[in-house]
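Visitor: One-letter residues, chain by chain:
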Amino acid sequence: MQAATALRGRKADSGQAAGTGRRLGHLLVIPTAAWTLAFFVIPLVLITVFSFGTENLVTFNVNFGWTVSNYASFGSDLYLTTLLRSLALSLGTTTACALLGFPLAFFISRQRPRTQRVLLACVIVPFWTSFLVRTYSWVNLLQTDGPADRLAFGITGHHLQILYSPASIAIGMTYSYLPLMVLPIYVALERISPDLYAAAADLGARPWRQFRRVVFPLALPGLIAGIIIVGVPAMGEYVIPEILGGGKTLMIGNIIVGQYLDVGDYPFGSALAVSLMVILMAMLFALRRVQPVVEAR
Amino acid sequence: MVGPGECSGNGEAGLPSRRQLLRRGAALALAVPSAALLEACGGSSPSTGAGSSPASLAGTAVMENYPDWMGAHVVQDFQKLHPGSVIKQVSNSSSSISGTVQQLKTGDFDFGLADVSATEQAVDIGLVQPLDWSKIPNIKYVAQSFRTAYPHGIPTDYGKIGIGYRPDLVGEKITSWHDVWRLAPKFSGKIVFIDLDRDCMGSTLKYLGYSGNSTVPSQLTACKNALIQIKPHLQAFLGVNYGQGLQDGSTVIAMDYDYDVALNQQKQPKIEWVFPSEGMVAYLEGWIAVKSSKVVPLIESFMNFALEPKQYADFVNTTGTAYVEPAATPFIGKSISGSTILRPGKAIANVEFEHYLGPATALWTQIWDEVKAA
Chain A
15 MQAATALRGR KADSGQAAGT GRRLGHLLVI PTAAWTLAFF VIPLVLITVF
65 SFGTENLVTF NVNFGWTVSN YASFGSDLYL TTLLRSLALS LGTTTACALL
115 GFPLAFFISR QRPRTQRVLL ACVIVPFWTS FLVRTYSWVN LLQTDGPADR
165 LAFGITGHHL QILYSPASIA IGMTYSYLPL MVLPIYVALE RISPDLYAAA
215 ADLGARPWRQ FRRVVFPLAL PGLIAGIIIV GVPAMGEYVI PEILGGGKTL
265 MIGNIIVGQY LDVGDYPFGS ALAVSLMVIL MAMLFALRRV QPVVEAR
Chain B
988 MVGPGECSGN GEAGLPSRRQ LLRRGAALAL AVPSAALLEA CGGSSPSTGA
1038 GSSPASLAGT AVMENYPDWM GAHVVQDFQK LHPGSVIKQV SNSSSSISGT
1088 VQQLKTGDFD FGLADVSATE QAVDIGLVQP LDWSKIPNIK YVAQSFRTAY
1138 PHGIPTDYGK IGIGYRPDLV GEKITSWHDV WRLAPKFSGK IVFIDLDRDC
1188 MGSTLKYLGY SGNSTVPSQL TACKNALIQI KPHLQAFLGV NYGQGLQDGS
1238 TVIAMDYDYD VALNQQKQPK IEWVFPSEGM VAYLEGWIAV KSSKVVPLIE
1288 SFMNFALEPK QYADFVNTTG TAYVEPAATP FIGKSISGST ILRPGKAIAN
1338 VEFEHYLGPA TALWTQIWDE VKAA
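If you're matching them up, the sequences are chains A and B in order.
Counting with the numbering used here, you get residues 15 to 311 for the letters of the first sequence.
Counting with the numbering used here, you get residues 988 to 1361 for the letters of the second sequence.
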């Protein structure tokens, strides 16, 4: 009887300790939650509220009249064309990053651990230099009489003339975003047990079949994560198009920045930003619905 | 309009900050020899000059300013002259016209640097404190034309937008914006324009024979069409290093700022500057006091001090800007005061300063976006 009581007491103590631990665990969430609330949720709500207002561009006084006129303006040819251009460049960049990143990640994942660490460092090291410096360096590489131009002239006898074109923007964006694609794919590939390759081989699968039936399906979550990590910021990119596009290729990000910084029309800039966000969220949800279907195949 | 022989130098517009900082960098490079010359002349020593009295002016005046857009010794010398006075400079995060006005509206500043457009908008919404000119007698050193164009504060600097080109590569003399449009197909891919709506569209409006400050929709539409017409032949709309390609010939014609052409000409003497026969647009900026300020006498005293020819020369030699005070010429480096590009004489009579566009600002932005998107 006493033993049973003692056991119940110990269980109760243990339960209390677990409860206290859970409460402490919840407390640990507070800093992150506060940070997210202050610097993500509240600004997001403010931007949404602003997007339904109007602004006097002389006095900069905002009137929160709950109008949808800012969203109606988004339907004009100028903005829709620019949105489609941004979408095309984002898709192109994401595709190029996936095509280049997957083989690279696969190659790294098949090396010995020490070599993997060195190769991963090579992928990450460029990120230690300034984004602007890296982007401007492409101007020097692609400009007339630059290294790329000289090489092209030496081979074909024609100048490259690629700088300040959509192609140079695509090159710059692919270069900048490639590591963001490589890393999640590498993580997915690195988790694949070598035994699975051996088992597939024992069952008669040749390398291509092994890749198609074993490696790719298991790496798919990493690829999808990479697509999201690259595609979303690429859609709103405005610095690379400004520098490598020579100001001749307008992206939706450039328009949003212009509305905020040059015109000072916060409501319209907010409406554009919210619209872009909604479009991206719709695409992400669609991707989320497609993902299980693809993975099940 | 600016009278002949009143000004020279290189300058800068109050526009997006990163672009502006890089532009400033180019201007500073031009200013280095002049600063050395000024040091040799002993021009940076404190001077009281006309209108400056060593009376006590204790207090702190907060100035909204571009980074380093101040004479190297001006603030230090003023504070030494007036113990207890503090001039605190704060660089704004956005130096666009709307950004400048919104900064001044916060009430965090006592005075600030603003171009004509920002100043006129600030006046429209009652932000600007009228100055007591009897406290700023040194305004007499500033050329009357600039005082007329900048009546609400003290004008400090300006810059013109014209044409830089390589006659040896073009093979003929360029004298107008019409020449640029005419030659564009022949030199397709070797022409650059400035990536700034006020300067680029303003120059295009001059090409079309209109005011560089036009708000007439039909004229702005014509401007858009002219830019869309020439765009396929443009190498780029550039936000920095506009005329750098002129050095190696990868660019043969550039819509460019006077100071940038002067800088590039030092490295490539074959580059020439053109005052287009149709005229030019230019920006003009200066300092204005904010109405909510509690230290207006301190601001007026500092403005007066900064206009003393030696102090003003310190500002010009430090920043490399075009200058508005002919009396400062003896103290300004020869690379600025002696440049034929920067010292235009009678040709500057064709200059039209950029003004506040009012509600048409949004229309300009939309048309500029349409040009960029085309």
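Worth flagging that the hints you see were computed from the coordinates, not collected in a lab.
One thing to keep in mind: the hints can contain errors.
Claimed, not checked - Cβ-to-Cβ under 8 Å is the rule here; a few derived chain A residues that face chain B:
#1 73
#2 77
#3 85
#4 96
What the hints assert, rightly or not - Footprint (simulated), chain A over chain B, 3 or more residues, beta carbon under 8 Å:
#5 1087–1098
#6 1104–1118
#7 1262–1269
#8 1309–1320
Values in this document were obtained by computation on a predicted structure and should not be read as measured data.
All C-beta atoms, glycine included, are put in the ideal place defined by N, C-alpha and C.
Visitor: Tell me the hint numbers this structure goes against, listed in increasing order.
Guide: The structure conflicts with hints 2, 3, 7 and 8, although it agrees with all the remaining ones.
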